[in-house]
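Novice: Chain by chain, the residues run as shown.
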Amino acid sequence: MKLEMRDQPGQLVAALQPISAVGGNIIAVIHQRETSTAAEVLDVQIVLELPEGRLEKLLELLREQGVSVVRIGEERLLYECTLIVIGHLMHTDLSDTVDRIDRTGSAEVTELSLAMPAISSPSSARIIIRSTTRAEMKKAIRLLREVAEQKDLLIIEPLEDG
Amino acid sequence: MIRIALLGFGSVGRGIARAILAKDLNITVTGLADSRGGIIDAGGIDLLAALDRKGNGGPCGSPGVSPADVVAKADYDVLVEVTPTNVETAEPALGHIRGALRRRKHVVTSNKGPIALAYPELRALAEANGVLLNYEATVCGAIPLIHAIREGLAGNTISRLYGVFNGTCNYILTRMAEDSLTYEQALAEARELGYAEADPTYDVEGIDAAIKLVILANTVLDMQTTLDDVERTGITLLTPDALRLAEDQDCTIRLIGEIIPEAGVLRVSPRIVAKAHPLVVEGTLNAVTVETDLAGDLTFIGKGAGSTETASAVIGDLLYIHDRYVQGS
Ligand SMILES: NC(=O)c1ccc[n+]([C@@H]2O[C@H](COP(=O)([O-])OP(=O)(O)OC[C@H]3O[C@@H](n4cnc5c(N)ncnc54)[C@H](OP(=O)(O)O)[C@@H]3O)[C@@H](O)[C@H]2O)c1
Chain A
1 MKLEMRDQPG QLVAALQPIS AVGGNIIAVI HQRETSTAAE VLDVQIVLEL
51 PEGRLEKLLE LLREQGVSVV RIGEERLLYE CTLIVIGHLM HTDLSDTVDR
101 IDRTGSAEVT ELSLAMPAIS SPSSARIIIR STTRAEMKKA IRLLREVAEQ
151 KDLLIIEPLE DG
Chain B
1 MIRIALLGFG SVGRGIARAI LAKDLNITVT GLADSRGGII DAGGIDLLAA
51 LDRKGNGGPC GSPGVSPADV VAKADYDVLV EVTPTNVETA EPALGHIRGA
101 LRRRKHVVTS NKGPIALAYP ELRALAEANG VLLNYEATVC GAIPLIHAIR
151 EGLAGNTISR LYGVFNGTCN YILTRMAEDS LTYEQALAEA RELGYAEADP
201 TYDVEGIDAA IKLVILANTV LDMQTTLDDV ERTGITLLTP DALRLAEDQD
251 CTIRLIGEII PEAGVLRVSP RIVAKAHPLV VEGTLNAVTV ETDLAGDLTF
301 IGKGAGSTET ASAVIGDLLY IHDRYVQGS
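One line per chain: the protein sequences are A and B, in this order.
For the first sequence, this note's numbering assigns the number 1 to the initial residue and increments by one for each residue that follows.
For the second sequence, this note's numbering assigns the number 1 to the initial residue and increments by one for each residue that follows.
Treat the hints as calculated values from the structure; they're not laboratory data.
Here a beta-carbon is modelled for each residue, glycine too, at the ideal position from N, C-alpha and C.
Honestly, I wouldn't trust all of these hints.
Among chain A residues calculated to face chain B with C-beta under 10 Å, some are [stated by the list, open to error]:
| hint | residue |
| --- | --- |
| 1 | Pro51 |
| 2 | Thr104 |
| 3 | Gly105 |
| 4 | Val109 |
| 5 | Ser113 |
| 6 | Ile155 |
Using the sequences provided together with the hints, build the complete structure.
Specialist: Now the structure itself:
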């Protein structure tokens with residue numbers, strides 16, 4: 001998720017302690033100049049991971065610290081994984097393959113690039129899966145492997161997530 | 001001085017002979033055999049003459065002397081076993097290695113079969129006879145990976161080991177990515193250059209890489225595995241499109257062998273790897289990353305095959321044994 005606050009002196013430091021107090025994990029701190037507003041106001045965005053159900057507590061602690069949160073962005077799908085699939089993708093119902101991942105509710109296929117080959121030869125596609133947690137990503141990839149086995153597809157996984 | 005009996009006088013065997021001739025390594029060959037004949041000469045075999053006979057299409061020695069004769073009768077300190085790999089039975093190499101160990105002779109081999117199939121037994125036999133069994137050349141040719149893990153990284157716990165273990169596949173994938181060749185075109189090219197065998201199954205189906213994983217798992221990672229434990233996918237189904245789709249994201253595809261000891265995972269499969277990753281090496285090179293607790297991550301890159309390069313690993317093993325065990329001048 002994303003927290004946005006005004007970039008006033010001391011605000012960032014004051015925000016860090018409560019985040020770690022509720023077991024959150026900061027992924028990025030982004031300074032952003034809002035071009036839309038007439039006055040040049042700097043915003044700070046903190047991208048973080050929070051354990052389930054700790055948001056209320058965090059907001060309460062932030063209020064106590066005098067940090068004014070401008071906006072909370074519910075950017076749920078934090079984990080991203082790119083895979084390549086090779087096989088008779090159309091004949092084996094590509095949209096069903098994608099659906100099976102999306103139906104998990106915790107992971108979804110957010111991008112798909114399909115290379116169309118000569119008729120009747122196997123096609124190749126790159127898919128990007130996003131998920132809420134690392135565990136869900138592992139589950140999604142396992143599911144994809146099962147589907148691939150049924151449909152006789154070759155899945156090429158990235159090296160990183162061994 | 002160290003006296004060796006050499007079984008196998010092909011690419012690796014002749015590479016060893018040429019290195020002995022070219023450098024002052026203090027190694028004397030007292031026994032030699034190929035598939036068609038052998039020589040036993042306690043005074044030292046004339047290697048130049050043997051190379052000549054081989055170059056003219058003949059056997060290296062006389063048909064009356066068999067490899068078993070060399071193992072049993074020659075006067076040597078170390079048996080150097082460099083005959084072809086057999087992954088089903090490991091024979092006849094396995095029998096020759098047993099014979100030498102029972103004679104209290106050290107053994108150095110580049111042959112994956114006996115090490116992948118029978119390491120615990122051979123190691124026990126070597127120990128019982130007070131000799132060493134070294135096999136550096138079986139994994140990644142010239143790269144001293146076994147020595148690095150055994151000696152250099154002793155005391156470390158290895159959490160993951162992964163890399164490019166097969167030069168033939170790496171060459172094919174490099175060429176598919178560079179020039180949008182199909183798998184068949186790249187394979188044909190690899191064959192023409194002598195990087196792929198007439199029957200490439202063993203390489204392109206990932207069997208060769210899988211055997212190397214089994215050797216590493218069983219000999220330096222405290223695991224007990226067989227070839228059947230390796231989850232294995234080869235590169236035969238890869239398309240130029242797939243490589244291009246990876247390329248679009250500054251990535252490429254490599255055949256990666258991976259061991260995660262704690263999870264009991266052994267797998268060989270094509271994987272998407274960032275082009276900037278140290279494991280993305282070109283041509284027939286091999287590259288292996290070892291993740292450890294104390295030393296951090298280390299990546300080794302080098303030639304995984306070749307006559308001189310593989311001979312280097314065998315000679316390293318020989319001199320290691322010489323320094324520690326062989327008495328005399
Ligand atoms: N080449 C490499 O770069 C490399 C790298 C790492 C490991 N290795 C391993 O090293 C070993 C040797 O490889 P290589 O490339 O040198 O093979 P190679 O060129 O095919 O030579 C094999 C040699 O073994 C001889 N031979 C075959 N059967 C025999 C038998 N039953 N008894 C005695 N000698 C026999 C052959 O005799 P003839 O000459 O009469 O045919 C030949 O001289 C293999 O196990 C291989 O997997 C090779």
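Novice: Of the hints stated earlier, which fail here?
Specialist: 1, 2, 3 and 4
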